[in-house]
Amino acid sequence: MDFHQNLNFIIEMLGTIAFAMSGSFAAMQKKFDPFGVVIIAFITSVGGGTVRDLLLNIHIFWMHDLTTCSIIFTTSIFSMIFKSLEKNFQVTLFIFDSFGLGLFTIIGLQKGLNADLHPIICVVLGTITGCFGGILRDVLLHKVPLIFRKEIYATACIIGGTSFLLLSKYTDLSNAVTKILTILLIVIIRTLAVKYHWEMPKFYIDKENSKLK
Amino acid sequence: MDFHQNLNFIIEMLGTIAFAMSGSFAAMQKKFDPFGVVIIAFITSVGGGTVRDLLLNIHIFWMHDLTTCSIIFTTSIFSMIFKSLEKNFQVTLFIFDSFGLGLFTIIGLQKGLNADLHPIICVVLGTITGCFGGILRDVLLHKVPLIFRKEIYATACIIGGTSFLLLSKYTDLSNAVTKILTILLIVIIRTLAVKYHWEMPKFYIDKENSKLK
Amino acid sequence: MDFHQNLNFIIEMLGTIAFAMSGSFAAMQKKFDPFGVVIIAFITSVGGGTVRDLLLNIHIFWMHDLTTCSIIFTTSIFSMIFKSLEKNFQVTLFIFDSFGLGLFTIIGLQKGLNADLHPIICVVLGTITGCFGGILRDVLLHKVPLIFRKEIYATACIIGGTSFLLLSKYTDLSNAVTKILTILLIVIIRTLAVKYHWEMPKFYIDKENSKLK
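Chains as they are written, first to last, in UniProt numbering: chain H, 1 to 213; chain W, 1 to 213; chain E, 1 to 213.
Be careful, since some hints might not be right.
Since copy identity is lost for identical chains, a pair holds within one copy or between any two.
Claimed, not checked - Quick list of in silico lysine-lysine cross-link-like pairs, DSS-like style, CA-CA up to 25 Å:
1) Lys31 x Lys143
2) Lys195 x Lys31
3) Lys143 x Lys169
4) Lys143 x Lys30
5) Lys169 x Lys30
6) Lys195 x Lys169
7) Lys31 x Lys169
8) Lys195 x Lys143
Worth flagging that the hints you see were computed from the coordinates, not collected in a lab.
Start from the sequences and build out the full structure, keeping to the hints where you can.
Set out below in structure tokens:
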């Protein structure tokens, strides 16, 4: 395994851990039983990649090796045991989740490029890989998926994905450097968005008056 | 591209626009940010066809050309800009949505027939293509999918699909005429149902007393 | 068709009927129209197996024969007509649902083994087959999927699946006996769990104070 494969492997495992933790904590807040917590962690973590692999009609990435399943299971158990630490974990958790988003977006984009799809479709695939796990988690926990309206979540994916394509095409940076830069960009956008309560302008809202149901 | 392919292409594009508009307006009512609106428009518009293509194990229709994505993106931007016109649009929107339902049902049915499936399975596929985008939209917007209990939505698909099969088998009408007639039938059923508040008889309801949760 | 195939066929059909009934009753409680009831029955019944077949990238089991569709349709009509009997049915229904869970778990597990997957992935597949129909039903009916926190639902699948693998590997029991034993085990766990209000210990809850939203 050379450096580049190692990098991809590390990216994937860190993203898996990050999303498994976010799924576990969300499920524990809803008082799910331990196996429920493991299942939500699993769906949050592999959901985006599974949808991507189904759309690409390739082997589902977690079905032919045990690494992903073992990591999710371990992370999930670990999260339950250290639940009491959550308050101190809050910031760590947020950082992990943002890295997960960045990491998974890049993996999805790369798989789209490997399948010779149009760059715009690749950005769509990257966004699906990054966001779908969280969407499934929120749907199963019976919440409005927050990613659609808060904290520039999907927006960070799309900006990151586009930057990756532009950097790859118009600069001489190596693939590894481009990947790391893009992941950092997504993490920074997310972090600044949460810190300063950035939201996308909703120019259509002002006309709205109590139409919400 | 001959007349028949042109007809199919026009049917698909009109349906895509109709569902992208219905997704955009629904997401704006829930105050999603602009990228959230685009994503909901996308899922509403391609959801049914994606599930159909996954079930048929064929190429996902929107992944290998940009037309669908561009149309959805444009429609979605257009909807956000002209949001203020919504009241005047309400009727137009309803008509578009009904046409979308009719158009997508026929496309799904046709793809099932092309795959040599049993006519009843084809009606099921047509219903999935027509209804699933709207179901996913409502699940993501955290609403009970209305299509199950109001306005004879799924019922219109099933009646339309069955009529298409009967007309194809027992009359000499050309495929194009049959398609257009079926789409009109679905639109008319939907329109009359909404205008006169038709509902399917729920013969099992009268025994019910406050069992709803 | 020999004895073993007959057994598998009977297992699959009983599971289909059980889940179609549970879907129909749940949809009627939410006052869906008759076609809505049929659609929910359909999704509850084939949902788990469809996700499994998509993940395995094999033919979707219900698309190439009419048996499954006919059985679901008939069960659903039958449920609507005999709705008034529901109170007397409650216990029967619960037993059917538990059998459905056991039956579908074993089918999923067997399909995973046939595809030469690792035993742990097979247990995951069995759990998905058994639980996903019910999850989809609850999501579409706009309820928190109860299976995650009540009545040891997913837990029963996982214990059952593991027992099946251990019995197959370390005993000389025939495949048919092992299957029947496992199904009975899942049903018994579910029944005892409901009767005595068993829940998995939630060792992480006591630290929780009003964090629920």
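For each hint, the structure was consulted:
| no. | hint | result |
| --- | --- | --- |
| 1 | Lys31 x Lys143 | both (14 Å within a copy, 15 Å between copies) |
| 2 | Lys195 x Lys31 | between (29 Å within a copy, 21 Å between copies) |
| 3 | Lys143 x Lys169 | neither (39 Å within a copy, 42 Å between copies) |
| 4 | Lys143 x Lys30 | both (11 Å within a copy, 13 Å between copies) |
| 5 | Lys169 x Lys30 | neither (45 Å within a copy, 38 Å between copies) |
| 6 | Lys195 x Lys169 | neither (32 Å within a copy, 55 Å between copies) |
| 7 | Lys31 x Lys169 | neither (48 Å within a copy, 36 Å between copies) |
| 8 | Lys195 x Lys143 | within (23 Å within a copy, 30 Å between copies) |
Hints 3, 5, 6 and 7 from the list above are not met by this structure, while the remaining hints are.
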